[in-house]
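Student: Just so you know, the protein sequences line up as chains A and B, in that order.
Here my numbering is used: the first residue of the first sequence is 20, the next is one more, and so on.
Here my numbering is used: the first residue of the second sequence is 93, the next is one more, and so on.
Derived from the structure by calculation, the hints contain no laboratory data.
Ideal Cβ positions, reconstructed from N, Cα and C, are used throughout, including at glycine.
Accuracy of the hints is not assured; some may be wrong.
[As the list claims (entries may be wrong)] Pairwise CB distance ranges (calculated):
no.	chain 1	residue 1	chain 2	residue 2	range
1	B	211	A	85	16 to 24 Å
2	B	128	A	103	48 to 56 Å
3	B	113	A	100	33 to 41 Å
4	B	135	A	92	45 to 53 Å
[Stated by the list, open to error] Chain A residues, not near chain B, derived (Cβ > 10 Å throughout):
no.	residue
5	79
6	82
7	122
8	136
9	169
10	190
11	258
12	259
13	262
14	267
15	282
16	317
17	319
18	343
Single-letter residue listing:
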Amino acid sequence: MQNIWLSDGMGQGRRQHNWKSHAALTGILLLAGCGSGRQSVLNPAGDDALMLFDLARVMFIGALILWLLVAALFIYVTRIAPREFSRCSAERLIVGGGVIFPVLLLGALLIYSLPLMSSQREADDGLEVQITAEQWWWRVNYVLPNGDTITSANELRLPVGARTGLRLNAHRVIHSFWVPALGGKTDMIPGRETFMSLKPETPGIYRGQCAEFCGASHALMAFEVVAMEPEAFAAWLAAEAADAVPPQTPLARKGAGVFAREGCGGCHTVRGTDAQGQVGPDLTHVGSRVSLGAGILPDGVEDFANWIAHTEDLKPEVAMPTYDYLSDGDLTALATYLEGLE
Amino acid sequence: MTDINKHEEQKRFRAEATSLWKITFGPLVWAVHFVATYGLTALTCAKGWPLDPLRIGVGVGTVLALAGILWLGWGAWAQWDTLRDREWENDAPTDEDRHQFLGHAAFLLSIISFIGVVYVALPILLFGSCQ
Ligand SMILES: [Cu+2]
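If we strip away everything but chain B, and leave its shape as in the complex, we get:
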């Protein structure tokens, strides 16, 4: 392997390193939304605060979280690039396939995060009381 090739490879790997991080962002948004929602609800019920601000807060937080996840999911979808190359699986040991595989994984994780956020928010939006 020539020096130039090695250099090229390292550069790509660096790019992929950030993409590896990127697949956690969807679940991360879900986790933050989860903790914030549960924490705020526990606090509101323990202190006997009115429920409407909680509902509005959770509603706004949920819309923001969903928008974030949609945006991440859209990016992951583009990275997976399945419509253009018609490749559902990307299992070749090439940089391109690695790149697209990570897009695929991030896309699926965004979907589950989206569903998770909706299901976490539903009880608070529909429940009438702390009981």
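Next comes chain A alone, as it looks inside the complex:
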């Protein structure tokens, strides 16, 4: 339902005839962002998000009813039938409506919502992902049941229909992990591991965002979450575990040379090559990611070039130097090499 409204937006003619009756609803959905709903709690695509959506609806409708009752009562006693109350009935109203009723209502909501919280942190079905927040990107390690670890970065892939555990850590400052379409929010705290789990149900690409201010480029610290059918996920994971594909074309080979010459390997790892740096994101399969620079650019050749030549402009105070002195030829070669790291 909300999809239609989110993608249509408001006032595109087609639905204008009845927009008044839906103005309130549309207003709420517009507030949630007019995009495709890839980063919206109103577009739940996983077990946990659905549960939270239900919870939010119960709370919202409850609050609405309460507000209407109070407003109606207020209008009744001030406009429709203004009169003096006896002390006794006024006190009864205050104690009943101001103490007993809220205590019972809040108690009931607490009893309804508390068990939901622990189900957001249920144990995983076998796959665990360790995510460490950096300023301003994400280290991502897939831990298989046999203990093997597969290193990736800035993107999270999950199988649908299964619960995946997320062990969250942070380096230096507090961040917060949030994929609104899939589940709740969990803080990432230096020196203290936190845990949550996600169970996506609808395959698709969702957007996550750091949800705790963490410095100059906090707003530019996002990531893509790709929820895949289990077979597709298994195939992807096997490919992710492999070393980097060697450059195929002369241009890409030239790019690999620039990569080595400029010392990118001092900070970045490309498995299967000499590049073994740990400061920045693992680039072994950077060409197959959906986005670049922690969710801020698409993943095309020109985006790689843009990132390398304008790093600081794209992401203020970033921990990677800006390579604005590279010739266009070197830059294109380098970008082609990186884009080829599928």
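Could you slot chain B with the ligand onto chain A? The hints should help.
Tutor: Quick look at chain B with the ligand alone, frame taken from chain A:
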């Protein structure tokens, strides 16, 4: 003021001094229950102990705390004595009013303590895990 009157007044004031203490007992039970519950939970989760003993312990502790608060609240209610003299407020500068006012305050504090104890216990009784 005669000596006898002064003496009488002091005696009453002494009685009231204990009643002043008494209004803190409800919140005190709440505070002890709070610290014990949080402490025990932190310990259980840090050590990885099983959760059932924690739940039972907190359950029993909660029942005891609530019983204590009920008892204190009942005493305070009697001291307030609002049903007999139909006086909701006790604001006259007399010993009797002071006495009843303290009962009133202690009664209200017992109510809030009761609610506090219930709300503190609920998460532990309903949560399935330390996560
Ligand atoms: Cu952050």
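Student: Hints first: check each against the structure and report whether it holds.
Tutor: Consistency of the hints with the structure:
About 19 Å separates the C-beta atoms of residue 211 of chain B and residue 85 of chain A, a value consistent with the hinted range of 16 to 24 Å. A C-beta distance of roughly 49 Å is found between residue 128 of chain B and residue 103 of chain A, which places it inside the suggested range of 48 to 56 Å. A C-beta distance of roughly 48 Å is found between residue 113 of chain B and residue 100 of chain A, which places it outside the suggested range of 33 to 41 Å. For residue 135 of chain B and residue 92 of chain A, the hinted distance range of 45 to 53 Å is satisfied, since their beta carbons lie about 48 Å from each other.
In this structure residue 79 of chain A is separated from chain B by more than 10 Å, as the shortest Cβ-Cβ distance comes to about 22 Å. At the 10 Å boundary, the C-beta of residue 82 of chain A stays outside the reach of chain B, the nearest C-beta of that chain being 19 Å off. For residue 122 of chain A, the condition that its CB be more than 10 Å from all CB atoms of chain B is violated, with the nearest at approximately 6 Å. For residue 136 of chain A, the condition that its CB be more than 10 Å from all CB atoms of chain B is violated, with the nearest at approximately 7 Å.
Chain B leaves residue 169 of chain A outside its interface by the beta-carbon criterion, the shortest separation being 24 Å against a cut-off of 10 Å. Separation of residue 190 of chain A from chain B is adequate, the least Cβ-Cβ distance of about 22 Å exceeding the 10 Å criterion. For residue 258 of chain A, the condition that its CB be more than 10 Å from all CB atoms of chain B holds, with the nearest at approximately 32 Å. Every CB of chain B lies more than 10 Å from the CB of residue 259 of chain A, the least distance being 27 Å, so the non-interface label holds.
Remark: the non-interface label on residue 262 of chain A is consistent with the geometry, its nearest Cβ contact in chain B lying 36 Å away (cut-off 10 Å). Non-interface call for residue 267 of chain A relative to chain B: holds, since the shortest CB-CB distance, roughly 46 Å, exceeds 10 Å. The claim that residue 282 of chain A lies off the interface holds: its Cβ sits roughly 42 Å from the closest Cβ of chain B, which is beyond the 10 Å cut-off. At roughly 36 Å, the least C-beta separation between residue 317 of chain A and chain B is larger than 10 Å, which holds for a residue marked as non-interface.
Residue placement check: residue 319 of chain A keeps its beta carbon more than 10 Å from all beta carbons of chain B (closest about 40 Å). In this structure residue 343 of chain A is separated from chain B by more than 10 Å, as the shortest Cβ-Cβ distance comes to about 46 Å.
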